[in-house]
Structure formats: structure tokens, C-alpha cells
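**Q** Quick mapping for you: the protein sequence lines, in order, are chains Y and C.
With this note's numbering applied, the first sequence covers -8 to 207.
With this note's numbering applied, the second sequence covers -8 to 207.
One or more of the hints may lead you astray.
Heads up, the list lumps identical chains together, so a pair's fine if it works in one copy or across two of them.
[Stated by the list, open to error] In the DSS-like style, the derived pairs of lysine-lysine whose C-alpha atoms are separated by at most 27 Å in a straight line are: (1) 78 / 104; (2) 78 / 124; (3) 104 / 165; (4) 26 / 185; (5) 134 / 35; (6) 198 / 104; (7) 104 / 40; (8) 78 / 165.
Hints are computed from structural coordinates only; laboratory data are not their basis.
Because the structure is a prediction, the values reported are computed rather than measured.
2 protein chains.
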Amino acid sequence: MYSVAEENYLKSLFNLANEDDLIHLKHIGEWLDVKMSSVTNMMKRFADKGLVHYENYKPVRLTDRGKREAALIVRKHRLTEMYLVEKMGFGWEKVHTIAEQIEHIHAPDLFDKMDEILGFPTVDPHGSPIPDKDGNIMEVQHKSLSECEIGEKATLMAVRQSSSDFLNYLNVRKLYLGQTVEVKEIEPFDGSMKIIYGTDQTEILSKKVCDMLLVR
Amino acid sequence: MYSVAEENYLKSLFNLANEDDLIHLKHIGEWLDVKMSSVTNMMKRFADKGLVHYENYKPVRLTDRGKREAALIVRKHRLTEMYLVEKMGFGWEKVHTIAEQIEHIHAPDLFDKMDEILGFPTVDPHGSPIPDKDGNIMEVQHKSLSECEIGEKATLMAVRQSSSDFLNYLNVRKLYLGQTVEVKEIEPFDGSMKIIYGTDQTEILSKKVCDMLLVR
DNA sequence: ATATTTTTTTAGCCTAGACTAAAAATAAGT
DNA sequence: ACTTATTTTTAGTCTAGGCTAAAAAAATAT
Ligand SMILES: [Mn+2]
Ligand SMILES: [Mn+2]
Ligand SMILES: [Mn+2]
Ligand SMILES: [Mn+2]
Chain Y
-8 MYSVAEENYL
2 KSLFNLANED
12 DLIHLKHIGE
22 WLDVKMSSVT
32 NMMKRFADKG
42 LVHYENYKPV
52 RLTDRGKREA
62 ALIVRKHRLT
72 EMYLVEKMGF
82 GWEKVHTIAE
92 QIEHIHAPDL
102 FDKMDEILGF
112 PTVDPHGSPI
122 PDKDGNIMEV
132 QHKSLSECEI
142 GEKATLMAVR
152 QSSSDFLNYL
162 NVRKLYLGQT
172 VEVKEIEPFD
182 GSMKIIYGTD
192 QTEILSKKVC
202 DMLLVR
Chain C
-8 MYSVAEENYL
2 KSLFNLANED
12 DLIHLKHIGE
22 WLDVKMSSVT
32 NMMKRFADKG
42 LVHYENYKPV
52 RLTDRGKREA
62 ALIVRKHRLT
72 EMYLVEKMGF
82 GWEKVHTIAE
92 QIEHIHAPDL
102 FDKMDEILGF
112 PTVDPHGSPI
122 PDKDGNIMEV
132 QHKSLSECEI
142 GEKATLMAVR
152 QSSSDFLNYL
162 NVRKLYLGQT
172 VEVKEIEPFD
182 GSMKIIYGTD
192 QTEILSKKVC
202 DMLLVR
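Let the sequences and hints guide you as you build the complete structure.
**A** Here it is as C-alpha cells:
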């Protein structure tokens, strides 16, 4: 059984791991908004508990066990988000902060019930995959809208950020998951895109926004 | 904002207060399963925060503010129990332990939504009143089944305990809230009662059980 | 009234998990 | 290669909230 602090560290490791699975301690501190010394301290304890591979002055890497434990917390987070949106009527921009808390509830029954009531969903409201009960993740590799070319049609599959600021930005423009958009223009200078979608709706999206939108 | 520990202490004070609102520190320690010295320590901090009236060697008493804060946590607990039973299909014997955790979630939106979805219930699945958003409680004074006399008909309104052991005992005998029972016999020696209810169902209930059943 | 038991407080210690400040190691720039 | 900047570690401190053991007060019994 892990403490809330430990679970949040685990989740940050999960979210920060890159292709080669390495995580720089600096980034953990930024992500969790704690000082580096606190991170070092926790990583040493994680190493003792067999949750990470750790050597002095080296970036850290989750063990298989650490990866599984992290994924199980992410599972609770994402099931909760899905439940809040689908069964309680919350907007997708509201649910992340609530799920940040509920993910720490120790009650397998509760999450099994959510899963069942939802019909065993595979993605959360932001398009991220929900790990299964063993902590395995069905990764789907989406490209971002900014990689699309002029004339290309793309369907929104997921968002890279679930900050309410960003989701509200999308809400205002009716850019929901499942929406298909067509790239009309790409401004070479700043990489911004003009897109058209729905009933003749047109928007100009900054490169930053396009990077955050994952499409198929 | 209170910590989980503080909230659990607040709730224990709420639950332990007797007619004159006084609470002996001994009982807090037993209720929360912590040592007396820890209780003393916390009560001094509560006094500083204006949550209790406290004098050395005297039983403690919640301030108005303390009473309100406690009631608001109880509100979250009981709304959660009701939600789990009514909207997620949990048995009334399962929900207390889950609610013990969810009561500590800081998300007014979540509990407002539960309240709304449930249609603003006034009692929880165990018949206890749900405090309103200002922390006011609609106390209904029930008598216990053991106070009834032979021939009397009484309807189960609430239970004094929500331990799963006790609730399972009631489940086995189909003794649910709303059930009307008739007292057939009272054994003078040990106060046990023979009751009849439903379709000719007969049970003999010990004094202890009868004390825990609140009726109208 | 005195002795005994129970309750409460005090004092001191411990762990988790933060922090700051300084030292050490690594990475980047010239 | 040497200098500078960045990252990481170490050492020491702090608070919350537990604990034990001993002292003191209050309650109960004789
Ligand atoms: Mn999220
Ligand atoms: Mn969290
Ligand atoms: Mn309860
Ligand atoms: Mn609790």
C-alpha cells in the first residue's frame, strides 16, 4: 500500500517516461512542484522498494513492478474521469482535478464497479488509453495535427494536455474528440493552421495548439 | 482546509458527542484507535484553531464552527453512501468503508452533483440524516425496537451501527429499512424479542440487536 | 479520609515528506 | 582543455502526527 505522496511520484514517473524510459529528476520536481532534494530523497526510497532503477547522478527508470503500480493508479484516474463525464455529466475540462484525488482511494470494488457500469471502456475522456487490471496499456500511436499537410482530413482522437484552460479553449471552438477537420492553410512562418470542420466552421490554430491535438 | 487526520478527528467528535455535547478524550482514542497522548495533542491544536472548547483534564466540546465543519464532512460521507447504494448498486453493508475515504475529497462540485442526481436525499442508506450544505442536521429522534411492547407494530427507520457484520446479519433475515415488524414475545430474562414480519417470517432477536434497530 | 484505579498530560522520540543552503558531479560553451 | 552553467546530492532543519513512559490530576472504592 502506497501513500498519496508515493502514488503521485509514481504517476509522475509514468507520465514523464520518454522512449527510452529514462526520467530526469529535474522534471519530476517540476511536474510535482517539489524541490530537487525532495525528489532525490524519494527516489532513493523508491529504489529500496524496488520501484525504480537508480544510480547516483543518473536519470531514473521504473522497474517492471513500478511500471505496473503506476499504471494501476493511472487506471483509477482514467476510469474515474470517464465515470465523471459519462455517468455524472461533468465536462471533460472539470474531471482531471477531481480524478487527481479519487485515484488515491483504496477500494478495488469501487473501480471495478465504475468499469462495469461504463462497459469496460478503453480510453478516457481525453482519448488516453485506460490500462487494464494487470497494468497493461494498449498504446495507440497518434500523430499530432501539426504533422498534417494541406488538404489532409484528420479526426481528433486525443489531447496531449488535460488542463482546463486548454479544454475550455477547445470547448469554445466546438473542437471535441471525434470531430473531423480539414487543413486548409499552413502558415510557414509560425506553423499555425487554418482548419475547417463541422458546418463550415473555420478556425486558425497556433502551432502550440496543433501540437496538443492528436489525430488519425 | 483540513488534513485527513483532522477530518477524522472532527468526525469522531461529531459521532461521540452526547446530550450535553461533551466528549471524553478516552473515547476519541478508542474510536480512532490512537493513543491518548495523540488525542491530547490534537485537541490542543483544535482548540487553537477554534474547533473545540478545551480545558486541561476536562472533556472537550465542539465549537459552533467545529460542529459545522464536522457536519460538512458527515454530509460528504452520507451523500457518498447514498450515491453508492442508489446509483452504483452497492449493498448498504459495503458502502461505509468506501465513504470513509471519499469523505476526504475536496471537490464541492462532486458532492453537489451527487446530491442533485440523488434528488436531494435527507437520509443515508442506514437511515441517518444527511446534514444540509450549511451543516445543519434535521434530527429525528427514533426509539429503538427494544423499547417496544408485545403486540406493537414498528417500522424500521434506521440502524445505530453500520458495521458490515451487523448489516449482513440483517440482510440474511431480510430486515431492511421500511420493513414493518410486530413484536410477538419478549423474553424477560435477556430482553430478546420474537418478531413477525413480511410473509410470515419469524425471528428471535437478541437485546443487543433490538437496541441497534431504530423504529417508528 | 485515605487508598486505589482511571484518565489526562507532559516529555521525549520517531517517521514521512517537505524545505534551504552548500558541495559535488555532470553537461555545455568557448 | 578549461570555464561556466546546470543538475544532483548531501547535510541539516521543520511540521504533522503518530508512539512510549512517567507524572499528575480526577474519579472511585474502601
Ligand atoms: Mn487526467
Ligand atoms: Mn493525485
Ligand atoms: Mn457510514
Ligand atoms: Mn475517514
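**Q** First find the shortest C-alpha distance between residue 198 and residue 104 inside one copy, then the shortest across copies, and answer within, between, both or neither for a cut-off of 27 Å.
**A** This pair counts as neither: shortest intra-copy Cα distance 40 Å, inter-copy 37 Å.
**Q** With identical chains treated as interchangeable, where does the CA-CA distance between residue 78 and residue 165 reach 27 Å or less: within a copy, between copies, both, or neither?
**A** within (21 Å within a copy, 30 Å between copies)
**Q** Under a CA distance limit of 27 Å, which applies to residue 134 and residue 35: within one copy, between copies, both, or neither?
**A** neither (36 Å within a copy, 58 Å between copies)
**Q** Pop the pair residue 26 and residue 185 into one bin, within, between, both or neither, using alpha-carbon distances up to 27 Å.
**A** Classified as neither; 41 Å inside a copy, 66 Å across copies.
**Q** Checking an output row: residue 104 and residue 165, CA cutoff 27 Å. Within, between, both or neither?
**A** between (31 Å within a copy, 24 Å between copies)
**Q** With identical chains treated as interchangeable, where does the CA-CA distance between residue 78 and residue 124 reach 27 Å or less: within a copy, between copies, both, or neither?
**A** both (21 Å within a copy, 23 Å between copies)
**Q** Classify it for me, residue 78 with residue 104: is the Cα-Cα distance of at most 27 Å met within a copy, between copies, both or neither?
**A** both (12 Å within a copy, 11 Å between copies)
**Q** Given identical chains, is residue 104 near residue 40, meaning Cα to Cα at most 27 Å, within a copy, between copies, both, or neither?
**A** Result: close neither inside a copy nor across copies, 30 Å intra and 39 Å inter.
Checked against the numbered hints given earlier, this structure breaks hints 4, 5, 6 and 7; the rest are met.
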